[in-house]
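Residue numbers (numbering that gives the first Met the number 0), protein chains in the order written: chain A, 0 to 521; chain B, 0 to 378.
It should be emphasised that the hints constitute simulated quantities derived from the structure, not laboratory data. You may find that some hints are simply not true.
Stated by the list, open to error - Distance windows between CB atoms, simulated: (1) B:351 x A:175: 51 to 59 angstroms; (2) B:351 x A:348: 53 to 61 angstroms; (3) B:302 x A:349: 24 to 32 angstroms; (4) A:69 x B:15: 43 to 51 angstroms; (5) A:72 x B:351: 31 to 39 angstroms; (6) A:18 x B:53: 46 to 54 angstroms.
Just so you know, even glycine gets a beta-carbon here, dropped at the ideal spot from N, CA and C.
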Amino acid sequence: MTPELHSPALLEMRGITKRYPGVVANDGISLQIRAGEIHALLGENGAGKTTLMNVLYGLAAPDEGEILMEGQTIKIASPHDAIERGISMVHQHFMLVPVLSVADNILLGDEPMKNLVFVDRSVASARIRELGASFGWEIDPDRPVGQLSVGWQQRVEILKAIYRNAKVLVLDEPTAVLTPQETKEIFGVLRRLKAEGYAIIFISHKLYEVLEIADTITVIRRGKVVGSRQPAATNEDDLAELMVGREVELTVDRGESHPAGSMLEVEGIFVNDDRGREVVHDVTFEVRAGEIFGIAGVAGNGQDELVGAVTGLRRAHRGTIRLGGDDVTRADPRRLHKMGVGFVPGDRQRFGLVLSFPLSDNLVLNDYYHPPYARGLVRDDDAILRGAEAAIARYDVRTPSATVPSQTLSGGNQQKLIVAREFEGDVRLLVLDQPTRGLDVGSIEFIHRQAIARRDTGVAILLVSAELDEVLELSDRIGVMYRGRIVEILDGRSASREEVGLLMATGGRSSGIQQQIVETGS
Amino acid sequence: MTAQTRVLAAWQRGRAVALVPALSIAVALLIGAMIMILSSPLVSGEFNPTLPVTAYQAMLSGAFGSFDGVVRTLVNATPLVLAGLAVGIGFKAGLFNIGAQGQFLIGALTAAAAGLALNEASPFVAIPLALLAGMLGGLLWGFVPGALKAYTGAHEVVVTIMLNYVALAVLSWAISGPLRGQNVTFARTDDLVAASLPIFLGRDGHIGLLIAAVSVPLASWLLYRSTIGFEIRTTGANPDAARYAGMHPRNLIIFTMSLCGLLAGLAGASQLLGEVGYMTASFSTTVGFDAIAVALLGRAHPVGILFGALLFGAMQAGSGNMQILAGLPVQMVGVLQATILLVLTAEVVIRRIFRVQASGPELVELASVSASYGGKGTG
C-alpha cells in the first residue's frame, strides 16, 4: 500500500511560514513527498492549502522556511522556476485556451521554434501522441481543447505537465468537476503515474476519495499541520475531526420525512438558455410539502435553466409551473418571494449577495421595502440592524459585526448569510441550487441540518446539486437530469451511487449495463 | 450602536474614502507646479521656481481672501454641485451619464423659454415655473437615454454623447429663431426679468446657491435612507442580484437617468436665471463635463460631490487673482482640473505610490466608468 516509505524524499518543504496582514496562512509547515507516492493534502477552505501550494509554485514568497528537491535547497521565485525544477500544477479551473488545439495548449509558454520565428508543431505533435499512447489515450493533438469533455481537458493538463518533464504533480481538487465515472478513470491515471515514479500532491476535501487514492494524508488546519495518517490506519470520522478540530457528523441523519400534498408542480416545461437554445425539454416533476426532491446531473445539463424557470429569473416558453395550486409560470421573483419561495442561488456571489454592501443590507435584499424594514419610502436602519444581528446570531455567521461588507466573509459564512435570509419567514418552497459548493465541512453540516429542519416544518425543498453525495444523502426522491430531460425519478433512500452516476453520465440509454450495475451494486 | 459610535464610524469611513481623492489633489497640484515652473520663462523670461507658490497663494486669496471671493466660489460651485449629483447618482446606479452637459443646456433653454413667456408675470410665479421648466427639460433629456437603455440595450454613454450634440443644435436653433430677442445685435434672447433669481448674499449670491445646498442632503437621504436609493445602489453594485431580489432594473435605469437629467437641468436653469440673465449659444459650455470630474473626485457621494464642486468653484474664483499676481493665464486652472481628473483615474498608481490599501467596495463609480467602455450591459 505504501511503497518506499523509507526512501528519501523527492520534494521536501521545511518550516514554511507565510504571513499576510493579520493572518499567518502557513505556520511552520513541513511536508515530505517521495517519488511514487500520492500525498493527499486535506483541509478546510482557508486552512492554508492554497497558500502552501502557491509557495511551492512560486506564486508567493515564504517568510520563513525552505524547499528542497532531491536533497538540494532550491529557490522558486516564479511558476517558471517551478516548472524548470519539475514541479507542475493542475489547477481546479483548467488553465487551457479553448480555441487552441491540444498541442498548442501543451506548448503554450514553451514553444519550440523553427527558424526563431515559427512554432514547430510537427515534432511536438508526434511526442504528444506518443505520450498519450503510453497511457492508453488516443489523443488528437490538432483538436481544439474546447471540443473536449471536462475529463479529457484534465488529461490534457496532466499531459502538459508530463510533457514539461514534471516530477512532482500538484492536483488542486481534481475531482470537483468530474462525474463518479470520470473520477474513477482519473484515479486510474494517477495510479499509473505513481507506478512510473511521479510524486503526486492531491488536494481535496472529499474524505472518501483521499482514503481511496492516497498513500499518505496530511491534514492542515489554521496554517498548521495537525496530523499525518496512513489510509489504512484512519477513517472518515477521524480525518474530519482532525480537519475541523471537533467531532463532525459527516452524514446528517435525514430521519423520516412526512410528505404532504403537492407544493410545486412542474408540468412539461421547455426553457431556453441565454443564447436562445432550448436546453430544458418537457420536464415534469412535483415536490411535495415536507420532502426534499433532489436533482442530480452533470453540470450543464439544463439544471441552471430549470432553476431559473422555477425561481422567476427565466421564462418557460411552454408548460406550466404551479405553486400550491396557483399558476406561477410567469411570476417574477418578487411575486414568488411574496408567495413563500426562498432561493439559494448556485452562483452566490453573482445573484445571492451584493458583496460591497454590509451584511445587514444583504439580509434585507428582498424584504427591504416593507415593514418592519421600511415605512413607506423610508428605510428603518435600526430595524434592519436589529434584524441582522438576530439573524447572524441564529445562523452562526462568523463576522465582526453586521456592518462590514459581505465580501469580507469566508465562502461558508457568505452562504450562511444567504441561508439566514432565504430560510426565514413563511417559506413554502425552498430552491437550493448547489447549496454547499466550495464550502468547508463545518458549513456543509450546518446547511444540511438547516435544510432538514425546514423540511420537517413542512417546507417543500428542491435541491439541485452537482455533488452527487449531497443529493443522495438528503433527498427523499431523486430526479436525474440528462441533456435537458429528467430521465428517471428514483427513491432517494434506495438509490445507489453507481446507479445514479450511470444515469447522469449516459441518460440510461444503455439499460443493459445499468441493470447489471444495479444488481451488483445493491 | 450609540449616536457617538455611529458618528465615529462615519468619520472613519469618510476619512478612508477621502484619502485617495485628497492625495490625488495633492499630486495634481505638484504636477501643476512643475508645469508652472517649466512655463515660467514665458511669463518672466527666466525660470522662476517660486512661481507656483505665488500662484497658489494668489488663487487661495482670490477664492477665500475676501467676502466677495467666498461668494464667487459658492456661486461657481452651485451648478457643479447640481450637475455633479446628476453624474454621481448615475454612477451609483452603474450608469455613466456623460450627458449632463446636454441636460444642463436643455434645462437652461426650457427655463429661458418659460422665463421669457412669463417676463410680465410676478416673480413669485415666474421663478418657480421657470425652474420647473428647466427641471422638466433636463428630465426629458435624461429619460430618453434611460428608456433606450432599458428597452433596447442602447448604451447610455453613446446615447448621451449624441444627445449633447442634439442639445447644442436645438439651442442654436432656438436662440436664432423663436427665442431671439427684439433689440439684440447677436443671437441671444431678451433679458429675463421676472424669472431672474434674487440675490441674497453679497454682489452675486443668488438663491440657486440655496437650492444646491438643499439638494445635497436630499440626495444623501434618497441614496442612503430611502428604499428607492437602496434599489438604485443595488442595481449599480450588482444588477443580477437586484433582479434576483425582485427589483426592476429597467424601471430603475429609467428613473435614475430621468432624475439625473432633472438635476442637471436644474443646474442649467439656476445658472441661467441666477448668473447670466439671458441665453446665448455660448452659454456655459463646460459645466456638464466638469461635473464628471467633480463626481469622480467626490466618490459619487453627495457630500464628496459638494467638496469637489467647492474645490473647482474656488479654483475658478481664484483664477483671476492668479493671473493678476502671478501672470499665469486663467486657463492654468483648466490644466489643473484636467490633471486632477487624470490623477484620479490613475488611482492604482496613487495607491501604489502612497501605499494605501484598497478599500475595495467603494470603487463602484470608477467601475462603471470602465464598464461603460467594455459594453457590459445592465439591462
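**Beta-carbon spacing of residue 351 of chain B to residue 175 of chain A - inside the hinted bounds 51 to 59 angstroms or not** = Check failed, 35 angstroms falls outside 51 to 59 angstroms.
**Request:** Check the following: the C-beta atoms of residue 18 of chain A and residue 53 of chain B are separated by a distance inside 46 to 54 angstroms.
**Result:** holds, 49 angstroms
**Message:** Taking 24 to 32 angstroms as the stated bounds, is the beta-carbon spacing between residue 302 of chain B and residue 349 of chain A within them?
**Reply:** Given a distance of about 31 angstroms, which is inside 24 to 32 angstroms, the answer is holds.
**Request:** Can you let me know if the beta-carbon spacing of residue 351 of chain B and residue 348 of chain A is within 53 to 61 angstroms?
**Result:** violated, 27 angstroms
**Verdict for residue 72 of chain A, residue 351 of chain B (Cβ pair) under range 31 to 39 angstroms** = holds, 33 angstroms
**Message:** Is 43 to 51 angstroms respected by the C-beta to C-beta distance linking residue 69 of chain A and residue 15 of chain B?
**Reply:** Given a distance of about 50 angstroms, which is inside 43 to 51 angstroms, the answer is holds.
In summary, the structure is inconsistent with hints 1 and 2 from the numbered list given earlier, while agreeing with the others.
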